[in-house]
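Each protein sequence line maps, in turn, to chains L and H.
If you read the first sequence in the working numbering, its first letter stands for residue 1, the second for the next number, and so on.
If you read the second sequence in the working numbering, its first letter stands for residue 1, the second for the next number, and so on.
I should point out that these hints are in silico values taken from the structure, not numbers from a laboratory.
A virtual CB, placed ideally from N, CA and C, is assigned to each residue, including glycine.
It cannot be assumed that every hint is accurate.
[Said to hold, decoys possible] In silico negatives: residues of chain H with every beta carbon more than 10 Å from chain L: (1) P34; (2) P39; (3) H53; (4) R90; (5) A91; (6) L139; (7) G140; (8) L143; (9) R150; (10) A191; (11) V205; (12) D215; (13) P216; (14) A219; (15) R225.
[As the list claims (entries may be wrong)] Label-pair ranges, simulated between beta-carbon atoms: (16) V208/H with R90/L: 48 to 54 Å; (17) A242/L with P39/H: 51 to 57 Å; (18) K126/L with R90/H: 42 to 48 Å; (19) R83/L with D129/H: 57 to 63 Å; (20) E78/H with K126/L: 55 to 61 Å; (21) A71/L with A213/H: 48 to 54 Å; (22) P216/H with R138/L: 20 to 26 Å; (23) R90/L with E78/H: 19 to 25 Å; (24) R187/L with E36/H: 52 to 58 Å; (25) E186/L with C49/H: 29 to 35 Å; (26) P216/H with R187/L: 32 to 38 Å; (27) P34/L with E78/H: 51 to 57 Å; (28) P84/H with K54/L: 46 to 52 Å.
2 protein chains.
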Amino acid sequence: MTSIRIYDLTGRDDRRPSPFCWRIKYALAHKGLPFEAVPVALTDIPTLCGGGHKAVPIIEDGSKSVSDSWAIADYLDEAYPDRPRLFSSRAERELCRFVEISLFLSAGTDLFRIYVKDIYDLVLEKDRDYFRKTREARLGRTLEEAYAGREARLDAARAGFESFRLTLQKGGPFLSGGGGPFLSGERPGYADYIVGGFLLWIGSVATVPLLRADDPLLAWFERVRDLHGGLGRTSPMNPIAA
Amino acid sequence: MTSIRIYDLTGRDDRRPSPFCWRIKYALAHKGLPFEAVPVALTDIPTLCGGGHKAVPIIEDGSKSVSDSWAIADYLDEAYPDRPRLFSSRAERELCRFVEISLFLSAGTDLFRIYVKDIYDLVLEKDRDYFRKTREARLGRTLEEAYAGREARLDAARAGFESFRLTLQKGGPFLSGGGGPFLSGERPGYADYIVGGFLLWIGSVATVPLLRADDPLLAWFERVRDLHGGLGRTSPMNPIAA
Numbered sequence: 001m002t003s004i005r006i007y008d009l010t011g012r013d014d015r016r017p018s019p020f021c022w023r024i025k026y027a028l029a030h031k032g033l034p035f036e037a038v039p040v041a042l043t044d045i046p047t048l049c050g051g052g053h054k055a056v057p058i059i060e061d062g063s064k065s066v067s068d069s070w071a072i073a074d075y076l077d078e079a080y081p082d083r084p085r086l087f088s089s090r091a092e093r094e095l096c097r098f099v100e101i102s103l104f105l106s107a108g109t110d111l112f113r114i115y116v117k118d119i120y121d122l123v124l125e126k127d128r129d130y131f132r133k134t135r136e137a138r139l140g141r142t143l144e145e146a147y148a149g150r151e152a153r154l155d156a157a158r159a160g161f162e163s164f165r166l167t168l169q170k171g172g173p174f175l176s177g178g179g180g181p182f183l184s185g186e187r188p189g190y191a192d193y194i195v196g197g198f199l200l201w202i203g204s205v206a207t208v209p210l211l212r213a214d215d216p217l218l219a220w221f222e223r224v225r226d227l228h229g230g231l232g233r234t235s236p237m238n239p240i241a242a
Numbered sequence: 001m002t003s004i005r006i007y008d009l010t011g012r013d014d015r016r017p018s019p020f021c022w023r024i025k026y027a028l029a030h031k032g033l034p035f036e037a038v039p040v041a042l043t044d045i046p047t048l049c050g051g052g053h054k055a056v057p058i059i060e061d062g063s064k065s066v067s068d069s070w071a072i073a074d075y076l077d078e079a080y081p082d083r084p085r086l087f088s089s090r091a092e093r094e095l096c097r098f099v100e101i102s103l104f105l106s107a108g109t110d111l112f113r114i115y116v117k118d119i120y121d122l123v124l125e126k127d128r129d130y131f132r133k134t135r136e137a138r139l140g141r142t143l144e145e146a147y148a149g150r151e152a153r154l155d156a157a158r159a160g161f162e163s164f165r166l167t168l169q170k171g172g173p174f175l176s177g178g179g180g181p182f183l184s185g186e187r188p189g190y191a192d193y194i195v196g197g198f199l200l201w202i203g204s205v206a207t208v209p210l211l212r213a214d215d216p217l218l219a220w221f222e223r224v225r226d227l228h229g230g231l232g233r234t235s236p237m238n239p240i241a242a
């Protein structure tokens, strides 16, 4: 089997910030498919695979290239049906979309503002102007304005992970089942890769730790980092908790 | 096949408020299992099935009785494996738990306060003192205090459903797939029954409609009410939208 190539957004010091690339690296490992992660700059994306792809991840599998993390996940289950599935049913896929949407609504927007300046500081030199211009347009303010006073907003962002904490918790207000060790139950699944990839993004740039040292998410996150031969430890990370 | 009996919380005018009973009635219908919904008073629960059950739903299947909606759902998939499954995998079950937890965190607590007085007004006469005492203890305030000024809090509660709206939406900020017609994709699943049962609870009591008339959730909710021969139209409801 030839190795699948995944174009993986890179920053300074070989940091790999993209949460969407992380989930696909986990998806490839979950399916036992050998892959090569090729570091790319943000501004080089339009030149990859003959052009036409707007964002990473992009995978190249032989002569075929696919972008968009959901399209890639679907492709992998279709092209490699005999490998462990990412989604055992359409319902499971749609519920993973709900996980992504919940995560972005409850924590994503807040965290982007809190960490966007940290991301910028680790962006490759050639990407810096493009990053600042596009992200400031999206935020409607400068990176420095988004970042100002962020310590006061961290607690609200932390609270945005409460539904994941409770899903992993045994007992408590939601008594039936649960207890992890993974969001997907006894074995890790795509929901773990979505949320884990999100925390790997934060960890790859954060100069202020996201989680408190006693956050029950931390044990789960360390488990996710250990998966697939320690995939979540293969690029530089700052402390995620303190 | 003998009919399964489900003890179903009832209020005045044969209203059926319990969201947990609703999801199990849908689960039974989903599996094609004939059932009889037996109306019960809140204060009669301890006398049912020889005692020992703290809450409804309780099902009786031959000589076996099971309570707790998650335990019942698991029982139904185990006892009737050849019928359509509620959960195609352990991951799908855990993700449905995440749906429940997200729903309760983002909207449940707010809505309980907003509608608790409406619930009380439709509680059976024999349950009224018990309901007021236990619910006021849980709320840390009187039912009237919880209810005061509720119109001002409705918009925040409505916003708590945003992740479900976006999951059902085709296109928009989350582009890949989706578009419903159900939360579980092309066919309804347990996640639809959890959220649908929750809205049936609100609808069974609400004297102020929860949703705006242009809420995209509404079309989905009407679809869920139509399922399984119009199961969601089998007890009196107030308008859910205006």
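Consistency of the hints with the structure:
no., hint, result
1, P34, "24 Å, holds"
2, P39, "25 Å, holds"
3, H53, "14 Å, holds"
4, R90, "4 Å, violated"
5, A91, "4 Å, violated"
6, L139, "15 Å, holds"
7, G140, "16 Å, holds"
8, L143, "21 Å, holds"
9, R150, "23 Å, holds"
10, A191, "6 Å, violated"
11, V205, "22 Å, holds"
12, D215, "17 Å, holds"
13, P216, "14 Å, holds"
14, A219, "17 Å, holds"
15, R225, "20 Å, holds"
16, V208/H with R90/L: 48 to 54 Å, "36 Å, violated"
17, A242/L with P39/H: 51 to 57 Å, "55 Å, holds"
18, K126/L with R90/H: 42 to 48 Å, "45 Å, holds"
19, R83/L with D129/H: 57 to 63 Å, "60 Å, holds"
20, E78/H with K126/L: 55 to 61 Å, "58 Å, holds"
21, A71/L with A213/H: 48 to 54 Å, "35 Å, violated"
22, P216/H with R138/L: 20 to 26 Å, "24 Å, holds"
23, R90/L with E78/H: 19 to 25 Å, "23 Å, holds"
24, R187/L with E36/H: 52 to 58 Å, "38 Å, violated"
25, E186/L with C49/H: 29 to 35 Å, "31 Å, holds"
26, P216/H with R187/L: 32 to 38 Å, "35 Å, holds"
27, P34/L with E78/H: 51 to 57 Å, "38 Å, violated"
28, P84/H with K54/L: 46 to 52 Å, "39 Å, violated"
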